[in-house]
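Asks: This is what each chain is made of:
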Amino acid sequence: MNVVVDRVSKSYGRGAEAREVLTETSLTVRSQEFVSIVGPSGCGKSTLLMMMAGLLRPTSGEIRLGDEPVTGPPAGLSVVFQDYSRSLFPWMSVRRNLTTALTASRLGKEEQRSRVEHALESVGLAGKGEMYPWQMSGGMQQRVAIARALVTEPTVMLMDEPFAAVDAQTRADLEDLVLRVRHEYDVTVAFVTHDIDESVYMADRIVVLAANPGRIAADLTVDLPRPRDQVETKLDARFAKLRSEVFRLVMRPDTPATT
Amino acid sequence: MQTDHAAVRGPDRADWGGRAGPVALGVTGVVSLLLLWQLLGSLDVVPRSSLPGPWSVLRALPTILGDQDFLAGAADSAAATAITVVVGSLVAVAVGLVASSFAFLQRPTMVVVNTFRSVPATALIPIGVLIFGLGMEMKVSIALYAVVWPILINTIYGVATTEPMRRDVARSLRWGWWRQQALVTLPSALPSILTGVRVAVGIALVVVISTELLGARYGVGTVLVQYTQASRPEVVYAGVLLLGTAGALLFSALVRAERRLVRWVHHD
Amino acid sequence: MTSRTTSRITGATMRPNRAAIALRRTASGVGNLWLLALVLVLWEIYGRVSGSLFVPPISRILQNFGDVWLGGPASHLFLSDLFWSEVTTSLSRFARGWGLAVVVGIGCGVVLGRSRVIAQMYGPVVRFFAAIPNTVLLPIAVQIFGVASNMNVFLIFLGSVWVVMINTADGVAGVDPMWLRSARSLRVPRWVLYLRVIVPAAAPQILAGLRVSLGIGLILMVISELYATTEGLGFQIVVAQSSFRYLDMWSAFVLIGLIGIVLNLAFGRIETRLLRWQRRSGLDAL
Ligand SMILES: Nc1ncnc2c1ncn2[C@@H]1O[C@H](COP(=O)(O)OP(=O)(O)O)[C@@H](O)[C@H]1O
Ligand SMILES: [Mg+2]
Chain S
1 MNVVVDRVSK
11 SYGRGAEARE
21 VLTETSLTVR
31 SQEFVSIVGP
41 SGCGKSTLLM
51 MMAGLLRPTS
61 GEIRLGDEPV
71 TGPPAGLSVV
81 FQDYSRSLFP
91 WMSVRRNLTT
101 ALTASRLGKE
111 EQRSRVEHAL
121 ESVGLAGKGE
131 MYPWQMSGGM
141 QQRVAIARAL
151 VTEPTVMLMD
161 EPFAAVDAQT
171 RADLEDLVLR
181 VRHEYDVTVA
191 FVTHDIDESV
201 YMADRIVVLA
211 ANPGRIAADL
221 TVDLPRPRDQ
231 VETKLDARFA
241 KLRSEVFRLV
251 MRPDTPATT
Chain X
260 MQTDHAAVRG
270 PDRADWGGRA
280 GPVALGVTGV
290 VSLLLLWQLL
300 GSLDVVPRSS
310 LPGPWSVLRA
320 LPTILGDQDF
330 LAGAADSAAA
340 TAITVVVGSL
350 VAVAVGLVAS
360 SFAFLQRPTM
370 VVVNTFRSVP
380 ATALIPIGVL
390 IFGLGMEMKV
400 SIALYAVVWP
410 ILINTIYGVA
420 TTEPMRRDVA
430 RSLRWGWWRQ
440 QALVTLPSAL
450 PSILTGVRVA
460 VGIALVVVIS
470 TELLGARYGV
480 GTVLVQYTQA
490 SRPEVVYAGV
500 LLLGTAGALL
510 FSALVRAERR
520 LVRWVHHD
Chain V
528 MTSRTTSRIT
538 GATMRPNRAA
548 IALRRTASGV
558 GNLWLLALVL
568 VLWEIYGRVS
578 GSLFVPPISR
588 ILQNFGDVWL
598 GGPASHLFLS
608 DLFWSEVTTS
618 LSRFARGWGL
628 AVVVGIGCGV
638 VLGRSRVIAQ
648 MYGPVVRFFA
658 AIPNTVLLPI
668 AVQIFGVASN
678 MNVFLIFLGS
688 VWVVMINTAD
698 GVAGVDPMWL
708 RSARSLRVPR
718 WVLYLRVIVP
728 AAAPQILAGL
738 RVSLGIGLIL
748 MVISELYATT
758 EGLGFQIVVA
768 QSSFRYLDMW
778 SAFVLIGLIG
788 IVLNLAFGRI
798 ETRLLRWQRR
808 SGLDAL
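Residue numbers (the working numbering), protein chains in the order written: chain S, 1 to 259; chain X, 260 to 527; chain V, 528 to 813.
If you are wondering where the hints come from, they were derived from the structure by calculation, not from laboratory data. Ideal Cβ placement from N, Cα and C applies to all residues, glycine included. A few of these clues could be false.
Chain S is faced by these chain V residues, among others (derived, beta-carbon under 8 Å) [what the hints assert, rightly or not]:
id : residue
1  : D703
2  : M705
3  : W706
4  : R708
5  : S709
6  : R711
7  : L713
8  : R714
9  : P716
10 : V719
11 : P727
Please take these sequences and the hints and turn them into a complete structure.
Replies: Below you can see the structure in the form of structure tokens.
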């Protein structure tokens with residue numbers, strides 16, 4: 001299902017205090033597509049994603065999932081938040097975290113169980129359902145967060161800097177994990193990051209945001225072959241070229257592109 | 260051993276309502292409760308003799324405020340509370356600092372504290388009356404028993420959560436025990452200690468008034484019992500209203516003083 | 528935040544050693560009892576040396592304790608009839624009053640913590656009630672209920688409900704918005720939001736309030752029985768005192784103390800269990 005961001009603006013605060021953090025932004029994430037959203041810190045990436053998730057209301061403009069306007073968290077859309085320690089529920093076991101995500105979908109007990117097992121298996125946590133988040137490393141917790149997002153079998157998954165808090169090795173593993181489950185679950189992904197390599201490595205398309213106020217500075221297609229590989233892909237000359245282009249856009253969004 | 264420092268962390272945050280909220284809403288709340296009170300009486304849910312209406316209680320305020328016994332009793336109760344809190348704080352903080360300074364004393368001290376603080380202090384009143392009689396001494400000693408434990412727990416807790424780096428600094432400067440306590444440990448533990456003291460004030464009041472209800476010679480509790488026996492419930496309610504107001508004012512003053520004293524905490 | 532994750536990864540693999548850990552814990556628990564034992568020994572010595580009628584040595588109190596409160600048949604767990612009648616009376620009053628306070632306090636606290644308007648309307652009133660030294664309500668409670676169990680229950684309820692309410696409201700108002708946002712994006716039904724997210728998230732503070740209210744409830748249970756009743760543990764103290772049976776008085780006091788200790792320990796157990804997920808501070812090692 002397409003996610004359409006249609007001339008959306010967002011201001012925080014009211015009256016004289018109001019500050020526009022995102023201005024007249026339009027963007028379409030097409031069905032099955034993997035779009036990276038990259039930009040400097042504070043440019044409004046999270047704001048944009050939270051609006052797509054129906055957790056924030058745009059000041060003007062409209063967000064649509066398929067043909068339906070998004071006015072609250074829509075069914076069939078999942079979010080993976082940046083801070084797993086604050087988005088997973090630490091008082092619930094891993095299994096309970098996942099089944100809680102299913103309470104809205106009114107599935108039978110048996111169906112719930114098989115969904116949970118499948119999701120855990122997909123993220124490499126088979127048999128870890130009885131553990132608690134606080135017994136797990138950061139990387140494992142983020143896997144739980146991904147499993148919790150997948151367990152509802154969403155059509156769209158939004159990820160907000162999901163790997164910002166894990167070490168480099170774990171991060172690479174998790175990147176490949178996401179690329180794999182994306183196909184397994186046939187899910188459309190919008191993936192916010194401030195890491196330029198990551199944005200190129202993961203995506204079919206990169207949307208670069210510029211700051212103050214947030215707006216789209218560029219929309220680049222990634223023509224790297226799939227499946228991606230941490231070593232091979234990053235050696236590809238096209239990877240290097242895209243990477244430096246995104247880098248330039250992020251650092252100096254106003255200079256014209258050199259193609 | 261289960262400890263519970265959190266237990267003596269009194270309710271202190273005001274971020275849900277309280278001061279800042281629009282006064283109008285607060286007034287609405289109070290008025291709605293007064294109406295409910297009036298209604299309870301009018302519908303005879305509770306007999307007048309047990310729950311006089313809000314008006315007659317308000318009218319009884321001058322009576323109780325003009326009663327010399329009540330005023331003297333209030334002074335007596337306040338004095339007992341004040342002595343208890345001051346003495347209790349000094350003792351508990353001193354013991355807490357010493358117990359925290361020696362690793363072998365820490366856990367055993369917590370065992371003692373957790374044991375004795377679980378014993379409801381009011382059960383000591385008859386014993387206190389036997390030993391000390393019906394005067395100030397009895398009130399203060401029983402209240403002291405009740406008050407020492409929360410302050411002690413909060414002192415030990417405050418010391419335990421001192422930033423270790425600060426202690427290392429003190430050690431590297433080769434400060435002695437006294438100087439280290441005065442310049443590092445005590446200031447670090449102060450916020451926690453003050454919370455304990457605030458909780459202690461509440462407990463001291465409760466216990467002091469309890470002793471008065473059970474026969475202490477002077478005090479607000481004594482006077483209120485007399486009014487109860489004289490079948491003047493509206494005066495008793497007026498007294499409770501006054502005590503509640505005094506208590507509320509005292510607590511907000513304590514919270515404010517605490518904030519001022521430990522303002523540096525938030526600049527860490 | 529990061530240190531705990533690394534050290535606790537092993538949590539799952541440590542299970543086989545649980546028995547050994549429990550054993551070691553018990554051993555160190557006993558090792559920490561020496562100071563308590565010392566206090567009791569000092570009491571014993573003082574009682575013997577002073578020869579005071581009012582402060583008997585602990586050994587004689589315990590002997591009396593055995594005579595009065597123990598000595599029942601095995602089917603009564605070796606506890607005397609008096610024990611069963613008085614303890615049940617007192618504890619059932621406590622359970623009713625405190626239980627009601629917990630239910631009402633948590634319920635109203637959640638409402639206060641969630642609704643800004645209601646908090647602004649009733650927050651000040653709640654704080655006012657919390658500030659009343661609650662024993663002063665005792666004469667009033669007797670006025671309303673007379674000398675009956677309901678009086679004790681009412682007083683225990685009224686004394687302990689405010690702390691629970693205030694702590695719950697504080698805890699609920701302070702729930703990390705990320706958890707709420709997370710729950711919202713999972714589209715959980717309302718009851719799941721409240722029962723599985725908000726209340727557990729506020730549990731540390733709710734339980735802290737419950738712990739304080741437990742102490743208050745016990746204090747009020749005793750004082751209300753000392754002030755006016757015809758049965759219960761406090762009443763036993765009064766009877767013993769007025770008939771100059773000081774040993775009986777002390778052993779009733781010891782029983783009340785033991786009940787307080789047991790209730791607090793049990794509460795602590797439950798609390799630790801419910802809050803396992805919370806990062807525990809260094810003090811819990813104490
Ligand atoms: N709730 C809020 N209230 C006011 N300002 C906010 C709020 N959330 C974010 N902002 C501001 O909006 C801007 C964009 O924030 P955000 O979307 O989080 O940026 P990013 O995710 O790209 O780092 C930042 O300058 C931030 O300070
Ligand atoms: Mg962000």
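Asks: Work down the list of hints and note, for each, if the structure agrees.
Replies: Okay, the hints, checked on the actual structure:
no. : hint : in the structure
1   : D703 : holds (6 Å)
2   : M705 : holds (4 Å)
3   : W706 : holds (7 Å)
4   : R708 : holds (6 Å)
5   : S709 : holds (4 Å)
6   : R711 : holds (6 Å)
7   : L713 : holds (5 Å)
8   : R714 : holds (4 Å)
9   : P716 : holds (6 Å)
10  : V719 : holds (5 Å)
11  : P727 : holds (4 Å)
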